[in-house]
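Enquirer: All chains, full assembly: derive it from the sequences and hints.
Listed in order, the protein sequences are those of chains A and B. Numbering of the first sequence is given in my numbering, commencing with residue 440 and proceeding in unit increments. Numbering of the second sequence is given in my numbering, commencing with residue 14 and proceeding in unit increments.
Treat the hints loosely; a few may be bogus.
To be verified - Capping the alpha-carbon separation at 30 Å, the derived lysine-lysine pairs in BS3-like fashion look like this:
#1 B:Lys98 x A:Lys905
#2 B:Lys51 x A:Lys1030
#3 A:Lys1022 x A:Lys1103
#4 B:Lys51 x A:Lys986
#5 B:Lys122 x A:Lys1030
What the hints assert, rightly or not - Distance windows between CB atoms, simulated:
#6 A:Asn807 x B:Lys86: 52 to 58 Å
#7 B:Asp117 x A:Glu931: 33 to 39 Å
#8 B:Lys56 x A:His960: 45 to 51 Å
#9 B:Thr18 x A:Ile768: 48 to 54 Å
#10 B:Lys86 x A:Ser1041: 17 to 23 Å
#11 A:Asp968 x B:Thr47: 35 to 41 Å
#12 A:Leu873 x B:Asp117: 57 to 63 Å
Keep in mind that the hints were calculated from the coordinates and are not lab data. We put the beta carbon where it would ideally sit given N, CA and C, even for glycine.
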Amino acid sequence: MISEKGLLRLTVLFAVLCWLSLVVADLFLLFAEISEANAGITKEIPQLLLSLYIIFVYFFFKIRIQKAESINFIDLLWHVFSTGLIVSLIQLAVSLFFYLLSDSKLMQNPLMVNFFYHINLGAVIIFLVSTFIVWKRLILYQKNKRLLVIWQIFEYSILASLLYSFFQSGSQQWLFNGLLGLFILYGLVLAFNVKWIAYLNFKQKWRSILLLALVILYLYYFINNLFGFSTEFNLVMDLLDNVFILSIAGFIFIYALISILVILFNLPTSSVFEQKIGEVLNFQRLSQSIQKGDSENQVYEVLLESSTNAVFSTSAWLEIYENDEPNEILKSNISDLKITQVRKSIQDSGIYSYLNKQKSSNFKKELNLNKLTTSLNDPDYGSVLVMPLIIQERQIGLLVVLKDVSDGFNTEMVNIISSFVNQACISIENFELLTEALKNERYREELKIASRVQKSLLPPSLISDKEFEMHAFYESADEVGGDYYDFFKTAEHKTAVIIGDVSGKGTSASFNMSQMKGVFHSLVQFDLDSKTFFTRANHALSHCLEKTSFITAAYYIINSQEKSISFSRAGHCPGLFYSNKDKKAEYFQNKGMGLAIVRNDSFEDFIDISQIHYSSGDILFLYTDGIIEAQNENQEEFGYDRLRHYLEQNNAKSTKEIQAGLIKYLYEFIGTENLEDDYTALIIRFL
Amino acid sequence: MINITTQIEGEYHIVSVVGDVDASSSIHLDEALTELAKDDLVKFILVDGTQLNYISSAGLGVFMSYIDDFKTKNIKMVIYGLSQKVLNVFQILGLDQLMTIVADKKEAKEKLHEIQS
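Expert: Given below as structure tokens:
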């Protein structure tokens, strides 16, 4: 395809060629007529060339003017004006030439006259066609389908009228007049599409009137000029015989005239239109200001400015509330002293008491806007409008707008201010939500760190020893949990293992869990028996934990020399022991008491110490209550029996497989992977 | 889901705990017991656990924290009607050794007078 630029150049080239051919053909015809010789060409040839010239000019402007995407009406009119100016200068130059040489013989020569007429003709056609295209853009501004169809019929019929010239003869004068009348009427109907005028501001309207008036002037001058030629000289080709040219000229004149009239009538109300457009733009500013990363204060400033402009207020102020108290005041053309005075007058008017009543019902009821405006008994101000800023039943501010006349606020003004205030509230609410979301995001990050730190408090999950292999599994319901397990080799042949569960869940539990870790590592160094360990731990924790918190734990000392386990239980779920010899798993039956429940010396009375011997293939299974209390959808607990049977049936597997299998079994049982509680399992198999 | 109601039956204050006492709902249990601990007229508290379905460590912590309070104020408390499952939770923690837990209301009332005498 040829580019747009190429197309433009091509149309120019063809238009120029057509024009030159037209000049040559016409002059040739004239010369033949004068010398009474047979020209060898018919009269239709120049008509064809003229039509072609018009069509190429038409396409040139159609491409050029429609290319400009952004519509600037003044620019379009300016384009028409400048084209007209150039065409006028050409015509003036031709007239001057005629004037200077009016006495010379040259001017008597019809060939010469016709040549100059053709220059005029070319120029006028350019003006008419380009103006026609500009008018088209103006008319089709904010087009709808119907208008488009009506216009297209008009445009194509006018173009089709170019064909009329080929059938030209004197007897068809009525057809010529009829067509012309039809087009003029049609144009008159179309000429009332002047929506673009509404979008002009006051200054632009005056300029448009001037430019349009100049267009009419040009048109008059051009037509007059053509008419002059037509009557004064014998022309081989008279444009005034062309229905196309006359229709277009008529249409241009009608549209220019109607536009001028409409603009004139619009002038007094144009300030209202500008006002409305300003309001729309302010709305946009209010809704966009937050997105641009401005602070809330900028929204308040825009609100105050928009409101004062929208209702032509004398003064205004905006109180910004923090915790229900005015915290900051944005002022517009008013002093602090005056604000205090006006407040008193507003107090007297009862608006404040109305607002307070609304406030006590948390602004659940729709505000009665009529009650927010009143006349004032004040030397400077006649009326006031008070509008609260409300976000989610909470007042964040108060806008007070003042006018020097009484009854200065009509319903329209109250509504527009109300809309501004609502829009500002929405913007501020969005801003608050965004800030909150960012804050939450930061908390989540902090929790992630806490979770990582807590996981690092637990030892690695798999430990191998000469005597046993151990595998641990830990999963918390929240980011951080309260389950705890640990171990420590107190001697070559002795390993202390602890498992614990802190009461409660989440963050508070995890803090206490880290205290337990501290207690474990402090006491384990002393190589205490399990009962003494718990007595001392209870003593320490009684001073550390808050009143309602406690810790359950079980402490096991594995002695590989004696192949024995001695253990105590401090309120923790009883350990499960699988005996390879009996092929049976059983829970320990020792009594115990949670840590920090009895916070005095009597604690040790509640703690037992037990001992068993193990042999190869035996399994010690330690866990927290999250596993036992896991519920399925029927509120049924996983329970002790399922756990025991599972261990009996899977004793031959590796500790890791036992753990993985149990977790799978557990998740299948509860039917979801959403944990209600923390799960910890510690599996020790003796080798 | 929890529903805690306190009724006065003669000299007894009967606290019925219905539903699950977990980390969040244990606050309501705490409120109910605080109310009673503040009241000088309260001498005997019966906790009706017949419809207590589940109690978490946080819930146990609430009971635990009032043991000393009630002792100093000379308030007697007996829990009755716990299901085997819930009772087991009390037992594992060792709370059954610190609190009086009995089978039913009749036994609970007898127990209260026994403690008193």
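Enquirer: So, for every hint listed, does it hold in this structure?
Expert: Hints and how they fare:
no.	hint	result
1	B:Lys98 x A:Lys905	violated (40 Å)
2	B:Lys51 x A:Lys1030	violated (34 Å)
3	A:Lys1022 x A:Lys1103	holds (23 Å)
4	B:Lys51 x A:Lys986	holds (17 Å)
5	B:Lys122 x A:Lys1030	holds (27 Å)
6	A:Asn807 x B:Lys86: 52 to 58 Å	holds (56 Å)
7	B:Asp117 x A:Glu931: 33 to 39 Å	violated (56 Å)
8	B:Lys56 x A:His960: 45 to 51 Å	holds (46 Å)
9	B:Thr18 x A:Ile768: 48 to 54 Å	holds (52 Å)
10	B:Lys86 x A:Ser1041: 17 to 23 Å	holds (20 Å)
11	A:Asp968 x B:Thr47: 35 to 41 Å	holds (40 Å)
12	A:Leu873 x B:Asp117: 57 to 63 Å	holds (58 Å)
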